[in-house]
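Undergrad: For what it's worth, the numbering used here labels the leading residue of the sequence shown as 4, then goes sequentially.
Fair warning: there could be bad hints in the mix.
Straight-line C-alpha distance at most 25 Å; calculated BS3-like pairs for lysine-lysine [stated by the list, open to error]: (1) K125 with K167; (2) K125 with K221; (3) K109 with K53; (4) K109 with K276; (5) K132 with K164; (6) K75 with K226; (7) K155 with K184; (8) K276 with K132; (9) K164 with K242.
Restraint-style ranges between C-beta atoms, simulated for each label pair [stated by the list, open to error]: (10) E96 with S142: 42 to 52 Å; (11) K242 with L82: 53 to 63 Å; (12) L82 with G128: 19 to 29 Å.
In case anyone wonders, no lab produced these hints; they're calculated from the structure.
Even for Gly, the Cβ is constructed at its ideal location relative to N, Cα and C.
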Amino acid sequence: MKNKLLYLIFSSCFLITAAQATDLCGIVRQGEIVVGKATAGQTVYLNGDKLLTTADGKFLLAFGRDEINTQKLQVADTLGGGANYEFAVAPGEWDIQNITGVPPRKVTPSETDMAAIQLEGKVVGAALKGVEDNAAWLSGFIRPVEGRISGKFGGQRIMNKIPKNPHRGMDIAAKEGTPIKASADGKVVLAYPDLFYSGNVVIIDHGFGLQTIYAHMKEMKVKRGDTVKQGDIIGTVGKTGRVTGPHLHWGASLRDVRFNPQSLLDMNKNQQKCFTL
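When you get a sec, could you build the whole thing from the sequences and use the hints?
TA: Structure follows, in C-alpha cells:
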C-alpha cells in the first residue's frame, strides 16, 4: 500500500477490490480541505455523518483548527460491500498576534452590545448550516482580492492585551473601495449589513456545505439569492465591524467547520497529490 502521509494510521476493508479504492487528495492536516474520491455510486460517511458525493464519487472533507486526531471514514455500495478506514489529522502551526488600538467596546462589549453579538451568531450560523445539493466548487477558487496578508487563519489574537478566540479566516489588507471578487461560482446565502464583528458581510454557498465568507465590506453589490460566477464583483473592501483598518476578512466553512481559505486556492493542484487509503 502506497501512502505518502505519515499520519495515516491504518485501514480495514471488507469486500473491497482494487477497483473500489478510496483516495484522499490534499493535505490531511488541521485547517485544510481535502477532496476524496470513492467509486461512483458508493455512499460515504465521515464519523457517521453521510456526505454528498458527485456522480463520479468525489466528496469533501475539512479539518478545523482544533480538529480531533482520529477520523473514521466509511464507504458502502448497493451490494453490501465497502470499506472502513481510520486515519489521523496532522497538527497545524498557528501564530500569536498582538493587536492594539481596537475600540474598547469591540473587545469587551457591554451588555447592550451582547444582543448584537448574539444576532450575528444566529444570522451567520444559519447561513453556514445550509447544504446546497450542487457542486459549484468544482470550478475551483481564486483569491477574492490582492493585498498583504495581515492576519492568518488559526492565529490567536491578543486584542488590547486581552486574549481572544483564534482567528477563523484570512485577513487581506487593501485600500478601501477595492473591488472584491467571488472566489468561485455559487449562490449568495447571506448579504447582511452592519453586524457587530463582521460589519457588512456576504456569504456564498458553493455546494456540498462549502461556503466562503467576505466580511468588513464597505459596499455589498449582491443580495441574498443571487447566483454569482467566479470573478464577479460582490462588494468593496471596507472597515466596517471590528477592525483597525480597511481589509477583507475572507473565511471558509465546510458543514460549519471553519478552515483556512488558503487551502481552497490549492484544491486544483492538490487533486494531483492523492494517496490511497
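Undergrad: Look at each hint and say if it fits the structure.
TA: Checked hints:
For the suggested pair K125 and K167, the alpha carbons sit about 20 Å apart, so the restraint of at most 25 Å is met. This hinted pair checks out: K125 and K221 have alpha carbons roughly 22 Å apart, not beyond 25 Å. Annotation: proposed proximity of K109 to K53 is violated, straight-line Cα distance about 39 Å (limit 25 Å). Note on K109 and K276: the hinted pairing is violated, with a Cα-Cα distance of about 42 Å set against a maximum of 25 Å.
Simply put, K132 and K164 have alpha-carbon atoms about 33 Å apart, too far for the 25 Å limit, and the pair is violated. For the hint pairing K75 with K226, the CA-to-CA distance comes to about 38 Å; that exceeds 25 Å, so the pair is violated. For the proposed pair K155 and K184, the alpha carbon gap of about 20 Å is at most 25 Å, so the pair holds. For the suggested pair K276 and K132, the alpha carbons sit about 29 Å apart, so the restraint of at most 25 Å is broken.
Taking the CA atoms of K164 and K242, the gap is about 22 Å. The hint holds against a cut of 25 Å. Roughly 30 Å separates the CB atoms of E96 and S142, a value that falls outside the hinted 42 to 52 Å. Take K242 and L82: their Cβ atoms lie about 57 Å apart, and the range 53 to 63 Å holds. For L82 and G128, the Cβ-Cβ distance of about 39 Å falls outside the hinted range of 19 to 29 Å, so the restraint is violated.
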